[in-house]
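Participant: The primary structure of each chain is shown beneath.
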Amino acid sequence: GAGVSQSPSNKVTEKGKDVELRCDPISGHTALYWYRQRLGQGLEFLIYFQGNSAPDKSGLPSDRFSAERTGESVSTLTIQRTQQEDSAVYLCASSLRLGSLGAFFGQGTRLTVV
Amino acid sequence: ELKVEQNPLFLSMQEGKNYTIYCNYSTTSDRLYWYRQDPGKSLESLFVLLSNGAVKQEGRLMASLDTKARLSTLHITAAVHDLSATYFCAVGGEGATNKLIFGTGTLLAVQP
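Residue numbers (this note's numbering), protein chains in the order written: chain A, 1 to 114; chain B, 1001 to 1112.
Simulated from the structure, these hints should not be mistaken for lab results. Keep in mind that this is a model prediction, so the values were computed, not measured. For every residue, glycine included, the Cβ atom is placed at its ideal position computed from N, Cα and C. Honestly, I wouldn't trust all of these hints.
What the hints assert, rightly or not - Simulated pairs of lysine-lysine, BS3-like, Cα-Cα distance not exceeding 25 Å: (1) Lys1056(B) x Lys1003(B); (2) Lys11(A) x Lys1003(B); (3) Lys57(A) x Lys1056(B).
Claimed, not checked - With the C-beta cut set under 10 Å, the calculated list includes, among others, these residues of chain B facing chain A: (4) Val1004; (5) Gln1006; (6) Tyr1035; (7) Ser1045; (8) Leu1050; (9) Gly1053; (10) Leu1071.
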């Protein structure tokens, strides 16, 4: 596609429920990143994928968070047993390769846990 | 651990004035980005700076990098209302990846 696409754009969920967030990277981009942005704050790195290499999960805040990516296509970020502190905008970005200059960001998914 | 500090956090300025946003980071890095974010929108890449002394300019914005001081600046010349947004600096972490560490952002409000 023309840009990085994320869905849903907004998600309201009850505390304790699981949610899945989806990211469609730019076609041909081998690297994909997930970031979290809490209200009024900068972005926190969560995880990145590069082709078929093992992902760097070092930013995932707890074992309730997981992400998958099949090949160089769609990625899903799953949050299990959501908590109110998980409320944030989750941003996905992709780049041509892992170290390419400039990652392109999607519009984000605004997650609200009530 | 790489840390990025940005200041000021909030900047209210009048149209036509000049100002500078500062970004300090704690360890060496091979790249520094400046991004703009409008309310409810995603991030727009403004500049990427790779080497000591690098200076890039686009319109009323100019970014510079001093790797020895671990400092980047974003200078705004003759501000206009359209520049109102939140500006983030982000520094590349270990290895040549886009595992970026972001500053807290500067909310710029340009008053007409």
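Participant: Against this structure, judge whether each hint is valid.
Facilitator: Each hint tested on the structure:
no.: 1; hint: Lys1056(B) x Lys1003(B); in the structure: holds (23 Å)
no.: 2; hint: Lys11(A) x Lys1003(B); in the structure: violated (31 Å)
no.: 3; hint: Lys57(A) x Lys1056(B); in the structure: violated (33 Å)
no.: 4; hint: Val1004; in the structure: holds (8 Å)
no.: 5; hint: Gln1006; in the structure: holds (8 Å)
no.: 6; hint: Tyr1035; in the structure: holds (8 Å)
no.: 7; hint: Ser1045; in the structure: holds (5 Å)
no.: 8; hint: Leu1050; in the structure: holds (8 Å)
no.: 9; hint: Gly1053; in the structure: violated (18 Å)
no.: 10; hint: Leu1071; in the structure: violated (17 Å)
The structure shown violates the earlier hints numbered 2, 3, 9 and 10.
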